[in-house]
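The lines below spell out each chain.
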Amino acid sequence: MIVAEQKPLAEIKEMVAPYGKVLLLGCGTCVKTCFAGGEDEVAVLASALRLSFRREGKEINVEELTVERQCEDEFIQESAPAVARSETVLSLACGAGVQALARRFRAVPILPGVNTTFMGVLERPGLFTEECSGCGDCKLALFGGICPFTRCAKKLLNGPCGGSRNGQCEVSPDTECAWHLIIERLQALGQMESLRAYVPPKNWRASLSSGPRKLIREDHVL
Amino acid sequence: MGPTHSAAKGDHMKEGASKLKITVFHCINTFGEGDLLPLGGEEDPAPKFVKLPCSSMVKDVFLLRAFEAGADGVVVLVCPEGRCRYVEGNLRAKKRVRRVEALLEEIGLEGRRLFLFEIASGDTAAAAAAIRAVADQVTGLASLPPLGSRVPEAVPFTARAPDGIWGPKGLSL
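Going line by line, the protein sequences match chains E and C. Those letters in the first sequence? Residues 37 to 258, by our numbering. Those letters in the second sequence? Residues 2 to 174, by our numbering.
Calculated from the structure, these hints are not laboratory results. A portion of the hints provided could be inaccurate.
To be verified - Below, simulated DSSO-like cross-link-like pairs (lysine-lysine); rule was C-alpha separation at most 27 Å, straight line: (1) K52(C) <-> K49(E); (2) K191(E) <-> K250(E); (3) K60(C) <-> K49(E); (4) K94(E) <-> K52(C); (5) K60(C) <-> K43(E); (6) K57(E) <-> K94(E); (7) K175(E) <-> K94(E); (8) K60(C) <-> K95(C); (9) K52(C) <-> K95(C); (10) K95(C) <-> K43(E); (11) K94(E) <-> K49(E); (12) K52(C) <-> K96(C); (13) K175(E) <-> K238(E); (14) K238(E) <-> K190(E); (15) K250(E) <-> K238(E); (16) K175(E) <-> K190(E); (17) K175(E) <-> K191(E); (18) K94(E) <-> K20(C); (19) K43(E) <-> K96(C); (20) K57(E) <-> K175(E); (21) K43(E) <-> K57(E); (22) K20(C) <-> K52(C); (23) K60(C) <-> K96(C); (24) K57(E) <-> K60(C).
Just need the whole structure built from these sequences, with the hints factored in.
Quick look at the structure:
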């Protein structure tokens, strides 16, 4: 999932302050799962904004709505009537959702309510960890399903740097050494011999380093 | 059930616990009904009680909306640690209350207004004492300015675009 974190209230308040009627639009997919922008978070933020403005003797009209996803027209169009009656939209979707809204609702300012951070997993309740950089050239099969591009601070492809301590990265003691994990995993899989294969330097052309990417499926284009 | 709250326009400073608006969220294991609590004195607060099957059902938004509705103080009563019939409900409630406390600080409401107490099952005297303590704590804190109009209502979860708004080239506003 895409993991995001809601912006501080003060920053959000500054963004919406010029507007009298705000649509607070949540997303029911990734940001709901990481507690940044789902229906519950919309309700909390709307209440917090109203309280915060009311404390200053001001009133802000906040309409609350959550759609399944803000990255697909099928769901974006459900928000159209609410967008039409708002001065601005504070979107709690990831950056993709915010931009999708902005392209479709050209006359209405779309504001980002969350900071989109990474692609990751729910490791355990309350803990989300970054797992994938979206490099476009997946080599997880070589590394026992653990990505050194994302999880190794030095992005090493041919073994550990030797600086880890007790399985933790020397860059940060809060970070597990990816190569420690890879070796443990390959041992468990009985695939340690694969470490003998040389992995050449990564071709980053398939990644964002070459600019924003597109995926076109001709079999779905009419 | 306690009396419902009504906005008191222009009444920014409260005197007397009986005039305070206190909302109490409690699980059914702490006590069954608010009427059972020994809070009948003239100077006692008359809280609004919200009964929950477990204190873990207290959602962040419930606490905030209690303040939006005019509560001067909000109290959450939970079972002591290790005594929750659902094992960890009270632990979740505590974490949620801490989170909302931090949010209230960001919002900038004056003073401490959200409180959580552990109450043994059926200990109505302790519950009443906790509520009186909260009343003492929030007495004198300024109320939120009253709303000029009605509190905006939430839009239902699924809103459907009426026919014709979403044209073939996208919405043009």
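Cross-check of the supplied hints:
1. K52(C) <-> K49(E): violated, 33 Å
2. K191(E) <-> K250(E): At roughly 25 Å apart (the allowed maximum being 27 Å), K250(E) and K191(E) satisfy the hint.
3. K60(C) <-> K49(E): Roughly 22 Å separates the two Cα atoms, so the pair holds.
4. K94(E) <-> K52(C): Not OK: K94(E) and K52(C) at ~32 Å, beyond 27 Å, violated.
5. K60(C) <-> K43(E): Given pair K60(C), K43(E) holds - Cα atoms ~20 Å apart, limit 27 Å.
6. K57(E) <-> K94(E): Holds - the C-alpha atoms of K94(E) and K57(E) are around 12 Å apart, at most 27 Å.
7. K175(E) <-> K94(E): violated, 55 Å
8. K60(C) <-> K95(C): Cα-Cα ~11 Å, so holds.
9. K52(C) <-> K95(C): Since the Cα atoms of K52(C) and K95(C) sit roughly 17 Å apart, the hinted pair holds (cutoff 27 Å).
10. K95(C) <-> K43(E): Distance of about 23 Å is within 27 Å: holds.
11. K94(E) <-> K49(E): holds, 12 Å
12. K52(C) <-> K96(C): The hint holds at about 19 Å.
13. K175(E) <-> K238(E): The given pair, whose Cα atoms are some 10 Å apart, holds under the 27 Å limit.
14. K238(E) <-> K190(E): Between K238(E) and K190(E) the Cα gap is close to 13 Å, so the pair holds against 27 Å.
15. K250(E) <-> K238(E): holds, 20 Å
16. K175(E) <-> K190(E): holds, 16 Å
17. K175(E) <-> K191(E): holds, 13 Å
18. K94(E) <-> K20(C): holds, 25 Å
19. K43(E) <-> K96(C): This hinted pair holds, its Cα atoms lying about 20 Å apart.
20. K57(E) <-> K175(E): With a Cα-Cα distance of about 48 Å, the restraint between K57(E) and K175(E) is violated, given a limit of 27 Å.
21. K43(E) <-> K57(E): Between K43(E) and K57(E) the Cα gap is close to 20 Å, so the pair holds against 27 Å.
22. K20(C) <-> K52(C): The given pair, whose Cα atoms are some 22 Å apart, holds under the 27 Å limit.
23. K60(C) <-> K96(C): holds, 11 Å
24. K57(E) <-> K60(C): holds, 26 Å
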